[in-house]
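Protein chains: 2
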Amino acid sequence: MIKTSDIVVGANAGRARSHNRQVILDRIRTAGRIGRADIARSTGLSTQAVSNIIADLLSDRMIAEQGRQVVGRGLPAVQYALNAKGGFALGVEIRPDAVFSALLNLCGDKVASERMSLRANDRNAVTEAVRTLRDTLLKASKTPKNRLLGAGIVMPGPFGETGIRDGETELPIWADVAPDRWLSKALELPVVIENDANAAAIAERIVGTASGLKTYAYIYFGNGIGLGAVHGARLIAGAYGNAGEIGHIPVPAAGKSMPLESMVSRMSLIRALGKEGIAAESVDDLDRLYAAKTQVLMAWLENAQKPLEAAISIVENLFDPEAVILGGAMPDSILDHLIRSLTLPDKSVSNREDRTGPRLLRGTSGRMTATLGAAALVINQTFTPKIAAQA
Amino acid sequence: MIKTSDIVVGANAGRARSHNRQVILDRIRTAGRIGRADIARSTGLSTQAVSNIIADLLSDRMIAEQGRQVVGRGLPAVQYALNAKGGFALGVEIRPDAVFSALLNLCGDKVASERMSLRANDRNAVTEAVRTLRDTLLKASKTPKNRLLGAGIVMPGPFGETGIRDGETELPIWADVAPDRWLSKALELPVVIENDANAAAIAERIVGTASGLKTYAYIYFGNGIGLGAVHGARLIAGAYGNAGEIGHIPVPAAGKSMPLESMVSRMSLIRALGKEGIAAESVDDLDRLYAAKTQVLMAWLENAQKPLEAAISIVENLFDPEAVILGGAMPDSILDHLIRSLTLPDKSVSNREDRTGPRLLRGTSGRMTATLGAAALVINQTFTPKIAAQA
DNA sequence: GAGTTAACTCAACAATATTGAGCTTTCAAG
DNA sequence: CTTGAAAGCTCAATATTGTTGAGTTAACTC
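As you go down the protein sequences, you meet chains W and Z in turn.
Each residue of the first sequence is one higher than the one before, starting from 1 at the first, in this note's numbering.
Each residue of the second sequence is one higher than the one before, starting from 1 at the first, in this note's numbering.
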């Protein structure tokens with residue numbers, strides 16, 4: 001699928017208003033609780049303009065009043081915060097054999113989730129599953145349909161006919177139709193599509209570790225391994241939506257150069273376990289195997305260390321992020337082990353004297369990361385100002 | 001130096017106007033010649049709005065009328081194009097021993113250039129040199145001072161106290177003052193600062209090979225080697241302005257892993273030549289040595305091949321650019337040789353079936369690349385809409 | 001208790017873009 | 001050759017939105 005960058009760029013009263021609305025909403029989200037005067041100062045708008053938009057947001061139930069805050073002299077400022085029930089985002093992760101879905105509220109809390117096996121891997125089966133899941137989640141959570149802000153879809157990349165397609169990630173059922181438009185029509189909702197790593201990266205900003213960060217890189221353990229890079233609060237998607245294909249970069253391993261994915265990925269781990277006759281299906285399985293200090297797993301961890309260090313070093317030097325986050329479909333225990341065992345090189349732009357936080361963080365983990373990420377895409381969009389710089 | 005992302009985000013009538021002005025200016029630049037109706041359609045503004053802004057731009061001499069274009073039925077549209085003499089950009093490249101400078105007009109043509117040795121490597125000497133160069137260039141080109149849009153400054157990175165500082169790139173004279181503010185005051189001009197690779201990347205967009213591209217990566221041969229990544233027409237500068245430090249990423253070389261810079265950079269080449277007692281100072285020297293098929297040079301080229309392939313492969317897979325551009329302080333001949341000899345891996349997101357142009361391009365080369373890039377930063381800024389997405 | 005500070009509202013105002021009517025110029029069909 | 005359609009453009013009226021400044025309220029300070 002081709003990413004169409006924003007084309008409409010001219011500003012008029014209406015677009016300025018919706019832009020300002022998003023700006024204010026985002027300000028409220030990042031601040032947690034904040035008053036009108038504060039918002040005005042930090043956005044460069046007049047109090048009056050903020051007041052008008054706040055009134056709008058209140059009547060749309062996107063925000064709620066939170067009492068007054070006495071600071072010092074003067075009239076105590078009325079505080080506002082996001083209204084969790086003001087909007088909901090549907091997240092959908094499409095896999096070859098099943099569809100996962102979750103519903104998040106405006107604050108990023110999971111309200112409901114559901115999984116459904118696919119009876120066939122074709123477009124109709126997927127469409128039907130997605131529609132059913134939407135209805136099931138709405139019903140289970142007693143959410144009125146008109147409170148749905150949109151749907152985020154996660155599908156494995158890469159998008160389009162690139163040199164790194166292979167049988168494991170391919171989803172040829174969308175060959176002749178743009179999946180975003182198709183699903184938007186089927187769900188009767190606005191739709192955003194991203195790959196798993198990008199969605200997970202955005203999720204981290206909405207609910208997780210990256211909430212204070214504007215520029216960071218997320219290394220995502222899916223089946224393979226992916227990178228979601230966020231720069232100045234914007235996703236780096238690449239010219240064709242395939243940026244962050246970190247799995248295929250060459251890293252030093254055992255004296256020669258190997259693709260990162262072959263050393264550091266769920267796939268490589270499960271393959272290694274399989275060779276020893278150990279079956280591991282779920283994140284929980286892996287967690288148990290780690291707890292038992294299973295030898296193959298420990299060996300895999302050791303082999304993964306150097307290649308992962310090299311990859312992180314590359315990411316740091318190319319993106320200069322505030323932090324690198326490790327997350328995805330792995331148990332906490334394994335991610336934590338990796339983070340503990342890695343020694344990041346001193347020769348890196350990220351090794352700053354004025355650094356406050358750690359260079360490496362653990363992000364959201366577990367099987368649902370990408371699904372939650374899908375929903376987070378929608379929430380993120382709700383908070384992203386519309387008049388973007390010309391692309 | 002810390003990059004301050006745009007903070008002002010709220011839109012009002014005035015900001016919307018200046019935003020639209022930049023949008024239209026950029027549209028004219030990319031189109032070359034274009035009429036009002038066309039601009040209106042491609043920006044989502046009304047003809048009337050475009051007309052008003054065009055009138056403004058005409059009276060500011062930023063654009064000029066270019067006759068009428070008869071297409072089919074209807075009133076032939078009046079065409080507009082940039083007015084080269086409507087504005088000028090000063091580019092300054094600060095080196096430890098000298099300052100290079102150039103003056104570009106709005107269309108990116110070089111109007112004048114000048115070099116000046118530094119009598120000392122301290123702040124006052126630099127300030128004095130920069131002021132003198134500004135005046136010399138204005139006088140030589142008979143440009144009135146009020147037509148200067150601003151100054152772009154290029155200094156070698158990385159900025160701030162990072163783990164990769166070393167004696168060769170360090171510029172400690174700015175330790176206690178923000179160089180952008182200092183120089184802005186000294187020059188009485190708005191100032192933009194970037195490292196050499198980033199500036200060169202932007203220059204390519206304004207005048208060079210990348211004029212049609214929105215997402216591309218520029219590998220820059222300075223003293224070392226740097227990367228300037230442009231994503232959706234925006235520079236990826238990183239959280240602290242140090243993104244693109246590609247010189248320090250590990251690449252496979254001679255069976256082991258080496259920093260790219262040690263294999264592929266001007267520095268490494270000059271060092272290799274020096275070991276054989278061959279002195280090479282300038283780009284022209286290198287060109288002559290290449291023409292003479294000097295053996296050390298040819299050996300260096302061969303050794304550079306694999307590491308460079310690995311680096312480009314990494315860049316492609318992480319950024320998914322439309323193209324990778326090679327340029328900088330090297331002669332055309334050597335850059336072309338490298339481009340000819342490189343074999344890019346098929347396993348890359350950039351190996352697309354629908355690809356039209358080549359994956360690898362040669363950019364601007366020669367000693368002045370960074371200086372011209374510095375000026376291009378200013379021109380770029382002139383065309384970049386002001387209401388940016390919240391950072 | 002008087003003065004100060006700060007948040008907030010109201011009403012008048014200003015900046016900008018949009019809309020629709022009308023003019024002009026070109027092409028094409030009869 | 002005439003007429004009508006199509007497209008670019010201008011003018012004047014209108015709409016949307018944000019800003020400004022005066023006035024109100026509520027807290028703190030002396």
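To be clear, the hints were calculated from the coordinates, so they are not data collected in a lab.
You may find that some hints are simply not true.
Because identical chains cannot be distinguished in the list, a pair is counted as satisfied if it fits within a single copy or across any two copies.
What the hints assert, rightly or not - For lysine-lysine, the following DSSO-like pairs were computed, each having C-alpha atoms within a straight-line distance of at most 30 Å:
1. K139 with K185
2. K306 with K347
3. K185 with K110
4. K256 with K275
5. K256 with K347
6. K386 with K214
7. K256 with K306
8. K275 with K139
9. K256 with K110
10. K214 with K275
11. K110 with K142
12. K214 with K142
13. K347 with K145
14. K306 with K142
15. K185 with K275
16. K347 with K275
Check: Checked against the structure, which of the hints given earlier come out wrong?
Finding: 8, 9, 10, 12, 13, 14 and 15
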